[in-house]
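Student: Residue-level listing of the chains:
2 protein chains.
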Amino acid sequence: MTSVNIGGTAEPGVGVTQTKYYTGCEPPNQLRLEAGDKLGPITVAYETYGQLNKDKSNAILAVHAFTGDAHAAGIDPETKLPGWWEFMIGPGRAFDTNKYFVICQNNLGGCRGTTGPSSINPKTGKRYGLTFPMITLGDIVTVQRLLLDHLGIEKLLCVAGGSMAGMIALQWVASTPERVKSAIPISTVLKHSPQQIAFNEVGRQAIMSDPAWRKGDYYDHGQPERGLALARMIGHITYMSEESMETKFSRKQTKAEFLHKFTPDFEVESYLQYRGSNFVKRFDANSYLYLSKAMDNFDLAGNKLFPAGRPVTTRFLVLASASDWLYPSHQTLDIVKLLKERHADAVYCEIPSTYGHDAFLIKNEEQIRLVRSFLETTYNGR
Amino acid sequence: MTSVNIGGTAEPGVGVTQTKYYTGCEPPNQLRLEAGDKLGPITVAYETYGQLNKDKSNAILAVHAFTGDAHAAGIDPETKLPGWWEFMIGPGRAFDTNKYFVICQNNLGGCRGTTGPSSINPKTGKRYGLTFPMITLGDIVTVQRLLLDHLGIEKLLCVAGGSMAGMIALQWVASTPERVKSAIPISTVLKHSPQQIAFNEVGRQAIMSDPAWRKGDYYDHGQPERGLALARMIGHITYMSEESMETKFSRKQTKAEFLHKFTPDFEVESYLQYRGSNFVKRFDANSYLYLSKAMDNFDLAGNKLFPAGRPVTTRFLVLASASDWLYPSHQTLDIVKLLKERHADAVYCEIPSTYGHDAFLIKNEEQIRLVRSFLETTYNGR
Chain L
1 MTSVNIGGTA EPGVGVTQTK YYTGCEPPNQ LRLEAGDKLG PITVAYETYG
51 QLNKDKSNAI LAVHAFTGDA HAAGIDPETK LPGWWEFMIG PGRAFDTNKY
101 FVICQNNLGG CRGTTGPSSI NPKTGKRYGL TFPMITLGDI VTVQRLLLDH
151 LGIEKLLCVA GGSMAGMIAL QWVASTPERV KSAIPISTVL KHSPQQIAFN
201 EVGRQAIMSD PAWRKGDYYD HGQPERGLAL ARMIGHITYM SEESMETKFS
251 RKQTKAEFLH KFTPDFEVES YLQYRGSNFV KRFDANSYLY LSKAMDNFDL
301 AGNKLFPAGR PVTTRFLVLA SASDWLYPSH QTLDIVKLLK ERHADAVYCE
351 IPSTYGHDAF LIKNEEQIRL VRSFLETTYN GR
Chain U
1 MTSVNIGGTA EPGVGVTQTK YYTGCEPPNQ LRLEAGDKLG PITVAYETYG
51 QLNKDKSNAI LAVHAFTGDA HAAGIDPETK LPGWWEFMIG PGRAFDTNKY
101 FVICQNNLGG CRGTTGPSSI NPKTGKRYGL TFPMITLGDI VTVQRLLLDH
151 LGIEKLLCVA GGSMAGMIAL QWVASTPERV KSAIPISTVL KHSPQQIAFN
201 EVGRQAIMSD PAWRKGDYYD HGQPERGLAL ARMIGHITYM SEESMETKFS
251 RKQTKAEFLH KFTPDFEVES YLQYRGSNFV KRFDANSYLY LSKAMDNFDL
301 AGNKLFPAGR PVTTRFLVLA SASDWLYPSH QTLDIVKLLK ERHADAVYCE
351 IPSTYGHDAF LIKNEEQIRL VRSFLETTYN GR
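Sequences listed follow chains L and U, in order. Read in order, the letters of the first sequence are residues 1 to 382 in our numbering. Read in order, the letters of the second sequence are residues 1 to 382 in our numbering.
Hints listed in this document are in silico derivations from the structure and should not be mistaken for laboratory results. Remember, it's a predicted structure, so these values are computed and weren't measured experimentally. There may be inaccurate statements among the hints.
Remember, identical chains collapse to one label, so a pair may be satisfied in a single copy or spanning two.
[Said to hold, decoys possible] For lysine-lysine, the following PhoX-like pairs were computed, each having C-alpha atoms within a straight-line distance of at most 25 Å: (1) K191 <-> K261; (2) K304 <-> K252; (3) K99 <-> K363; (4) K38 <-> K215; (5) K337 <-> K252; (6) K261 <-> K126; (7) K191 <-> K252; (8) K281 <-> K126; (9) K54 <-> K99; (10) K261 <-> K38; (11) K215 <-> K255; (12) K248 <-> K363; (13) K191 <-> K255; (14) K215 <-> K261; (15) K56 <-> K20; (16) K123 <-> K261; (17) K80 <-> K20.
Bound conformation, chain L alone:
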């Protein structure tokens, strides 16, 4: 769920990329959200890599997780940072940009260019804050479809992503299966367990307990930095594994400056504080609330992924990380069971990574090979 590319890659990627913007749903043609509210205009920030072929059959939607953005691959001209899935997307990589046209967009409700609670509400000239309507992962998919319509893409070769993005991939299949030839949901679930809701809720409470949150109306005063950093610290523990923390930190002492008795003693403490305070610079606290709530409310268990009687035509590659304890593989296997009960063309693999929930964001050959061959089969079998 981190957007930082750990692991990286030495091969040349897609080079310098540029974030583009598309605005749709201008009034009066506003988008009707699942809960009934209307929203618009909606701006979508997106990047594309590779070329769309003539019959528009090679488009892959790479979806970012909770706090990610549209910059999935290549070098950002401003920050010089690589994309969050740099090792997966590029010439000759798993999502081979010599063959495929890869699209990544910032999700609705986010804060990295696409309309969200920190955007200006054109009706009032002020930022939405908590007047932003509640959104669902279904609404996020609807907005992703807007962009595909704009690009003239009728059917995706594949929709792929991990964590929240894996749920979004499943939501694509539930909402408009005729528009997805294949899906790669990674380290994800059909619905949040109470433990997953609990971790999200503690993050939300951390933000809302910060007096600087001001009931979401903080934009003239600055972010609720302490609460948001705290939410991130909690999240970060859940994204790592016991083993990866042991390898990275063990009980190493820190050299942090002594401020008072409870200044960090251990490296793991300083690291979490560092990650928390960095996060505040790039992510909006209200987006944290809206998106985490959309995840908690997501539920495709039972007949909701495939309505009864509807044939399943989408192919699936379902992946999990062996050391993921936030989204444990038994929950990912619940997806596979549902797929198999419906005779779906589905493959499941557990990646033997020690990196916990974040494993799909960290370069590993097994994930690369599995995705590459799955895409080849899907593309050649069109």
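With chain L held as given, fit chain U onto it using these hints.
Tutor: Just chain U, lined up with the frame of chain L:
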């Protein structure tokens, strides 16, 4: 690590109990703490159940976990609440008060009658706050020994406790093995892993990020309630298991009053908030900091539990909970390995509970039977 007795018991227990107080270490005979600071006077709040026998060989020290208190059994005359280990202590129970003399005291650094950061510093007439010295689990044991000296008990039949109390039981063996005939460390570890430190650190940051914390000097203004409640919410998730949360809450919706868009939707959210706000009424935020830090700094790995060459005379019953993911059983097994390498008389059992880390606080027959027979063997073999 909760002090509330879940599970309870229908049999009659030890009846109405009374917390007693002992004050020692009056100046100039102050206690020298492990870090070199001096502290005194020190008041100890404690309760006892059963009768000390003539040769004082039937004394058991029941140690409370992180946020517990001296009220381990019977009915508190004021609150009418049962003790935190009610199902374990009483006539005919595992710690049979017809046979044994059971002592429980509030730990040094706590806030339930024993000296801690919320106590008045007699030198200044003001509460210690952050002027309270850093303490270790070794210091907690030293203060426990003070009370035993006062009661004239030379050697404990047993020291027993779960979680932090299990570490304290191990610390007894490391510090003064000649004074403990047996030890029952439950759901505990030789040292905190970085993940365990990380969870504690997030709790501390939650407290210290609350402006109401005022660098620990909040006693004239009220507790940092939001931060402390948040710390407790995080802790509470780690004390339960995925399965026990699923059983208790699944995805049941709440009937909480709607205040804004992020008012709890799910029962698990309301429950955590309820537990957090209840906790604030009974526990001091600075005690949270001092005691969690003492746990993080605890480390009896390697030769520290048994210095090389010293024969191991203490008997051990080591217990773990199968569903404990905060203190996973592989870490508890590290204790057993160390014991076996030193030819200690030690038994290990994993209790097949689904209650996670809190399992030792919830009535279960297996723990009762194992503790009862272990104590009988130890007592009869004196």
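Student: Would you mind marking each hint as holding or not holding in the structure?
Tutor: Quick rundown of the hints versus the structure:
In this assembly of identical chains, the alpha carbons of K191 and K261 lie at most 25 Å apart only when taken from different copies (20 Å versus 42 Å within one copy). Within a single copy, K304 and K252 get their C-alpha atoms only as close as 48 Å, which misses the 25 Å cut-off; across copies the closest is 18 Å, which meets it. For a Cα distance limit of 25 Å, the shortest separation of K99 from K363 inside one copy, 21 Å, qualifies, whereas the shortest one across copies, 62 Å, does not. For the homomeric pair K38 and K215, the shortest alpha-carbon distance inside one copy (22 Å) is at most 25 Å, but the shortest distance between copies (46 Å) is not.
For the homomeric pair K337 and K252, the shortest alpha-carbon distance between copies (24 Å) is at most 25 Å, but the shortest distance inside one copy (43 Å) is not. For the homomeric pair K261 and K126, the shortest alpha-carbon distance between copies (19 Å) is at most 25 Å, but the shortest distance inside one copy (43 Å) is not. Taking the shortest alpha-carbon separations for K191 and K252, only the inter-copy value of 13 Å comes in at or below 25 Å, while the best intra-copy value is 37 Å. Within a single copy, K281 and K126 get their C-alpha atoms as close as 21 Å, which meets the 25 Å cut-off; across copies the closest is 40 Å, which misses it.
For a Cα distance limit of 25 Å, the shortest separation of K54 from K99 inside one copy, 12 Å, qualifies, whereas the shortest one across copies, 87 Å, does not. In the homo-oligomer, the alpha carbons of K261 and K38 lie at most 25 Å apart only across protomers (16 Å), although the nearest pairing inside one protomer, at 52 Å, exceeds that limit. When the C-alpha separation of K215 and K255 is checked against a cutoff of 25 Å, the pair qualifies only between copies, where the shortest distance is 21 Å, while the shortest distance within a copy is 37 Å. Within a single copy, K248 and K363 get their C-alpha atoms as close as 17 Å, which meets the 25 Å cut-off; across copies the closest is 38 Å, which misses it.
For the identical chains of this complex, K191 and K255 are inter-copy neighbours only, at 21 Å across copies versus 42 Å inside a copy, given an alpha-carbon limit of 25 Å. Within a single copy, K215 and K261 get their C-alpha atoms only as close as 33 Å, which misses the 25 Å cut-off; across copies the closest is 10 Å, which meets it. Only within a single protomer do K56 and K20 lie at most 25 Å apart by alpha-carbon distance; the minimum there is 20 Å, versus 81 Å between protomers. Taking the shortest alpha-carbon separations for K123 and K261, only the inter-copy value of 20 Å comes in at or below 25 Å, while the best intra-copy value is 50 Å.
In this assembly of identical chains, K80 and K20 lie within 25 Å of each other by CA distance solely inside one copy; the values are 17 Å within and 66 Å between copies.
Violation of the numbered hints given earlier is absent; every hint is satisfied by the structure.
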